[in-house]
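K.L.:
Using the sequences and the hints given, assemble the complete structure.
Here are the chains, one letter per residue:
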Amino acid sequence: MNLHEFQSKELLAARGVAVPRGSVCYDPLETLIAARRLKCDIVVLKAQVHSGGRGKAGGVAVMSLEEDIRGKASEILGKRLVTNQTGPQGKPVSALLVEEVLQVDKEIYLGVVLDRKTGKVTIMASPAGGMDIEEIAKTQPEKIYTIAVDPLRGLTGYQARALAYRLTDDNGIAGQISHVITTLYQIFVSYDCSLAEINPLVISGDKVYALDAKINLDDHALFRHPEMELWRDRSQEDQLELSARKDGLSYIKLDGDIGCIVNGAGLAMATLDLISLHGGSPANFLDVGGGASEQVVADAMSILLDDRRVKAVFINIFGGILRCDVLARGVIKALKQNRVELPVIVRIEGTNIEEGRRLFEESQLPIRMIGSLDDAARIVVETAKGLKTAG
Amino acid sequence: MNLHEFQSKELLAARGVAVPRGSVCYDPLETLIAARRLKCDIVVLKAQVHSGGRGKAGGVAVMSLEEDIRGKASEILGKRLVTNQTGPQGKPVSALLVEEVLQVDKEIYLGVVLDRKTGKVTIMASPAGGMDIEEIAKTQPEKIYTIAVDPLRGLTGYQARALAYRLTDDNGIAGQISHVITTLYQIFVSYDCSLAEINPLVISGDKVYALDAKINLDDHALFRHPEMELWRDRSQEDQLELSARKDGLSYIKLDGDIGCIVNGAGLAMATLDLISLHGGSPANFLDVGGGASEQVVADAMSILLDDRRVKAVFINIFGGILRCDVLARGVIKALKQNRVELPVIVRIEGTNIEEGRRLFEESQLPIRMIGSLDDAARIVVETAKGLKTAG
Amino acid sequence: MAILVNRNSRVICQGITGRNGKFHSLACKAYGTNMVGGVTPGKQGESVDGIPVFNTVLNAVNETGADTSLIFIPAAHAKEPILEAVDAGIKVIVCITEGIPPLDTASALHTVREEGRYLIGPNTPGIISPPEKCKVGIMPGYIHSPGPVGVVSRSGTLTYEVVDQLTKHGLGQSTCLGLGGDPVVGMSFVDVLKLFQEDPETEAVVLIGEIGGSAEEEAAEFIKSGGFTKPAAAYIAGRLAPPGKRMGHAGAIISGGTGTAHEKIKALEAAGVTVVENITRVGEVMRDLLAQSAR
Amino acid sequence: MAILVNRNSRVICQGITGRNGKFHSLACKAYGTNMVGGVTPGKQGESVDGIPVFNTVLNAVNETGADTSLIFIPAAHAKEPILEAVDAGIKVIVCITEGIPPLDTASALHTVREEGRYLIGPNTPGIISPPEKCKVGIMPGYIHSPGPVGVVSRSGTLTYEVVDQLTKHGLGQSTCLGLGGDPVVGMSFVDVLKLFQEDPETEAVVLIGEIGGSAEEEAAEFIKSGGFTKPAAAYIAGRLAPPGKRMGHAGAIISGGTGTAHEKIKALEAAGVTVVENITRVGEVMRDLLAQSAR
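Chains as they are written, first to last, in my numbering: chain F, 15 to 405; chain C, 15 to 405; chain Y, 76 to 370; chain V, 76 to 370.
Since the hints were made in silico from the structure, they are not lab data. Incorrect hints may have been included.
[As the list claims (entries may be wrong)] Per the computed footprint, the stretches of chain F lying under chain Y, defined by three or more beta-carbons under 8 Å from a beta-carbon of chain Y, are:
| # | segment |
| --- | --- |
| 1 | 51-59 |
| 2 | 144-157 |
| 3 | 239-247 |
| 4 | 286-292 |
| 5 | 357-366 |
Because the structure is a prediction, the values reported are computed rather than measured. For every residue, glycine included, the Cβ atom is placed at its ideal position computed from N, Cα and C.
P.N.:
Printed below as a string of structure tokens:
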């Protein structure tokens, strides 16, 4: 679950990290009033969407109070912002963060992440913060300083302090940075984050401010933080993805016309690669995972069939913990309930395969069972294209 | 800081550990009413004092409702209870815990302590709980099971469970005991205890109850638990000890007539041993510790001089972190302020000794400086006895 | 021989009385695995179709000499069972559970490594050695056959896909192992390649990776440096996956790259690994590789 | 030679800009200790009468090659500086601070032991080696003199008392070390006796114990088992201390006894240690012991 910039800043500010003065607005007039209330010459309007690359996409505007702030806010609010990360459909902008613009003497990068390789929470910092940080990481890796935190001992004060003194020589600034590092780390572990990042953390005169912040919570640990559900912005999430998650499914929306049910993220990606190799294009992926029950499979099918772009359904399952008979019962149930006319291509293997095959064969539904995965992928692509199939 | 039995039980009960039904009473009539309200045939009255050995000292009474509960309560309440641990002055009883008497099928011992040797929080349990547990520990050590908890990982559920299954074969009981173990451990670490003990933990039918509990908090970590000061029962602590602690001093009251100021617990004990070897008897010990300032030393002297039993004062200091000149100034200040007529024997050595000696010598007060510790101890004993000294 | 498990492995199942624990314990036993016990607190003395149940892993180890454990415990409570297995002396821990909070896994993994044990997973199908008739996991046993190919994979179902092909091409497997699909898992490609290198029965390896992280790049680095010298084929899933919903820079900074399929494929090819584009061609490619190396 | 510290020790003081840190750093330097630096966050670049101050222990170690640290940090914050010293590679850590919450000490001690370092204290006067002119602590230096007697003690001021006597009896000291008066401390009697046994310059040892705990009993056991074979005298403080305000049984159970002076004296005498009843006679007794062993 991702937090908005303003939510991330709220978490930081509540723990004593300085952020620019500002407020969240949902309406152009409110935006103008909020900008005036800041009593500074220049303000920034920032679209609150769950995506990076907002600046280049026109979601961030630095304006003087002389300019038409209300007009600019109307331009952004209520629209969908299309960035290089959102896909062509973009993300709706329902909130604008209006903030004072601070003098920036130096930009620092701070990030906390769980390092897959070491299995340790790792704090990264660089005196060369800002938009080009990934480039810096590649070309000047010596400018990225890291701390791998001992999982049992946690971050110690002196580790934060030592890191801060690598970013500045100024004692007062180092003390503030050290506090920001500790706070960001504590937020990361206490909310089970998958990412906690401040970029840039700016030095402005003798103070340090979090100018932008991104905090994402790990979905697998949300059960420990039920209160954070209140901060979920459903408008930023695909409705089908949401209803899939409710059933313990994983749903990914794409741009094509083949609806896919698979089990496992790896098989999903391989199926996508294979359909593409055959010249087709999936409309979506529904990963029913390992422990799905008959009902969950049926629900998955129903979600998939809701998508009107789907011209053919591809079921590609290699059952391990998910048993083929359970899958077959769920699919048959959904097809019967939804009275679907769409062509369904099924390729299943794995645990309880015979029983699964028998159920499909006896179901008397318009289902084609194909043994070879490569053939199955080819056929579903051809079917979706409305061509006669060779099989 | 020690907690009363009823306070310890409150901490446990708040975390879901079952304790006998009961209430704390401060008055004989209240005691009778509380006993009747329990609606059971037999109740127990337990004097709430900071001392073990209450039972043998008459501080615990098991009574039927037919008996004169109010009378018994009058006998105990408001008196001083003298146990084998309180010294002859005893401890005042201002509260009685009135409880139902449960059927006891089995008595278990549970204790949590920080093991000095390993430096680990250690949980001890025995299926042979009750009053003879120390004897069991000596004669049948195989009946004491222990867990040394990893300081970084903490107590795990399976450790508690495994210990519980060593105490009982019954699944339901084991689950309850496992919860009690975990709770007692959590109380120990979250309140920085020096001791957390349930003895006995009883099995009564299909339930487990903490029949008696002792929880002591470590004084050095009380700063982390300021709310616990509300639970301090000052009546159980010596008033002079209390006022000494306020000044960062350590005061121990004894039965003799020599007032002693020392630095360090070891030197205090050695001084006591030495005075005793010479046939004397200290009235008290004031340990001014290491970091004492001139004012703290002066306050220490004033506390000591408040004790009317003191016939001679013995100052035995070997200065390390405490500097002899600081000590001398404090002592001189107190003697001048209090216009004391008592004989003062001083034996000092250590850091800034020359300056200390000079200050005493120039003070024109009735102070005798003795170089040899053995001589000094002998002389102070003789002085207190009113004999002429050989020195 | 095989890696990590074999016909002498003494296997217990933590969570054996649950639905999945029971189903798969019996499936493992039916495959030939020496299932010596199971653990469910409070059920000591019961048995699951002949497999005795214990209250604690320590009891199970003391009574049965178990050295390997298969864990089926709900994600919210799966951290402690891993630690319990370590404390009781279990050497190889296979954690099937999916969706354990990553910080829990990380914390348990720290102890696993300190104590020098092997953790496979979490979120893994497990490990199987067909020549040893030992399966510790949830993979469908019948698709496997004994032979010279080692399989190591980040994806569960893709492993089945590949193993099925290998078997249909007459290429049996020495050991197949799923690393697990969670962000933090125990064993890595490099750890497994080290063992395959030492295993005389393994003649070639299939490596199945996917986008994200840098485990494949590390494997490539290890192979390039001479740590693994047998023939290897690889498939990387997600070549055409849509641009991720990645936010922030931290992931890219820490892995020194963005973890794309392109980067991984480039690294593996540079290390001399044959990378297959179409998942359904892995069997053929491996057949050719083995034929070449036999010449 | 001496144990733990010597003329080559490179010593820093954590908390050097505080009142006590400064006073005793300078006293150590005046005694002859090689004080190479101090640490106070935010004061890097300053100096305390010529001793350079650093922001972190790591900086101090990198710049000065320090291997020994003297800690003067208030009790509520003393845990982290110990860990900081360990992490920075300091070998011998002397923690003067009194009254650290015992669970904090226990937690830091765990890491100290894992990393194989020496922690002296907390609540110790420190360590001094007169022949090496090295003092890392708060003891008054002038009472010491170089010689063959090792002194190890649980009590600060009692150590001074004994050292003063030894010196007045013409018996110099090889190394004197206070274990610290807190419930949980780093080094134990046994740890120190092992080092004294190996130190050729130490010919005999004075052991100063007190009531409570079981450290003296463990020392007796160690001596009895042949781990320490040089002449030893002991004094146990608290023979006549009033019955403690002990509550509960846990302390007695865990130590297997009640930690009385009587029990300790019995154990030490059984191990062949000469136990002295009057603290003012320790010097004479040690003189006689050395004379005997010289014969």
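K.L.:
If any of the earlier hints don't hold here, list their numbers in rising order.
P.N.:
The structure breaks hints 1, 3; every other hint is satisfied.
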